[in-house]
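All chains, full assembly: derive it from the sequences and hints.
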Amino acid sequence: MPQEISREELRRLVADETAQLVEVLPASEYREDHLPGALNLPLRRLESDAREVLTPARPVIVYCWDTA
Amino acid sequence: MGFTRVYDYVAGKLDWLAAGLPTEGTNAMRPRAADLARKDVPTGRPDEHLEDVRARVGAAGWDACVVVNEARVVLGLLRAAQLQGDPAARLEAVMRPGPSTFRPFVSIEEMARFMIEHTLESSPITTSDGRLVGLLRRDDAVRAAHRGQERGGGGGDQ
Numbered sequence: 001m002p003q004e005i006s007r008e009e010l011r012r013l014v015a016d017e018t019a020q021l022v023e024v025l026p027a028s029e030y031r032e033d034h035l036p037g038a039l040n041l042p043l044r045r046l047e048s049d050a051r052e053v054l055t056p057a058r059p060v061i062v063y064c065w066d067t068a
Numbered sequence: 001m002g003f004t005r006v007y008d009y010v011a012g013k014l015d016w017l018a019a020g021l022p023t024e025g026t027n028a029m030r031p032r033a034a035d036l037a038r039k040d041v042p043t044g045r046p047d048e049h050l051e052d053v054r055a056r057v058g059a060a061g062w063d064a065c066v067v068v069n070e071a072r073v074v075l076g077l078l079r080a081a082q083l084q085g086d087p088a089a090r091l092e093a094v095m096r097p098g099p100s101t102f103r104p105f106v107s108i109e110e111m112a113r114f115m116i117e118h119t120l121e122s123s124p125i126t127t128s129d130g131r132l133v134g135l136l137r138r139d140d141a142v143r144a145a146h147r148g149q150e151r152g153g154g155g156g157d158q
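Just so you know, the sequences run in chain order A and B.
In terms of our numbering, the first sequence opens at residue 1 and continues consecutively.
In terms of our numbering, the second sequence opens at residue 1 and continues consecutively.
If you are wondering where the hints come from, they were derived from the structure by calculation, not from laboratory data.
For each residue, glycine too, the CB sits at the ideal point set by N, CA and C.
Hints may be right or wrong, so weigh each one.
What the hints assert, rightly or not - Here are some chain A residues pointing at chain B (derived, C-beta under 7 Å):
| # | residue |
| --- | --- |
| 1 | Arg31 |
| 2 | Pro56 |
| 3 | Ile61 |
| 4 | Val62 |
Here's what the structure looks like:
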């Protein structure tokens, strides 16, 4: 299970540990707005594509629109 | 899959946008409420006396003041009418409490439309935890939205 983190923890992980940001929303929503540097891996592609585009040795932070 | 450190930013993109933090994407180039909100709007504490605040607001060339607590959380709003009240009154007694506030990421077109429909001359822009970002004036929002429509890009050029 991924560990839940706050905005402040996200910023620290990105700044200090070059964490990889992954937006799991559809591509259309990603194109409109995404966190700086985030990649787009919609949920249905997450399992199949994660190994191709992400570096396992670095932390990975996933996010969607909100807690819902 | 070999990923040992996986985190979930549960509050998500909504939380990021509501904090007024920068984003990338097509919307990032369009003006939003936070871009046009006036950051220099005068503020006052609820226990201040109106005569002191009125002098400060007037000297700064404003006719509005946002009442905030020590954490800059918005408590109320003083517009021109409230600023003309009893000089000895405390702000908490004359302010309009709990004004409608908007998040920094709302598009300027949406803000202009809402402010016209609801005859709002200005609206505080706040983060998700209620902290003041600035005061958006309707004239500023309408002007920027109009410029955006003229350019056909759906946004202004601020």
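Under 7 Å is the threshold here; is the Cβ of A:Val62 close enough to any Cβ of chain B for the hint to stand? Holds - the Cβ of A:Val62 comes within 7 Å of chain B, reaching about 6 Å at its closest.
Can the hint on A:Pro56 be confirmed by a CB-to-CB distance to chain B that is less than 7 Å? 4 Å, holds
Against chain B, with CB atoms and a cut of 7 Å, does the hint on A:Ile61 hold up? 5 Å, holds
Verify the interface restraint on A:Arg31: the C-beta must sit less than 7 Å from at least one C-beta of chain B. For A:Arg31, the interface hint holds, since the closest Cβ of chain B sits about 6 Å away, which is under 7 Å.
This entry satisfies every hint, going by the numbered hints stated previously.
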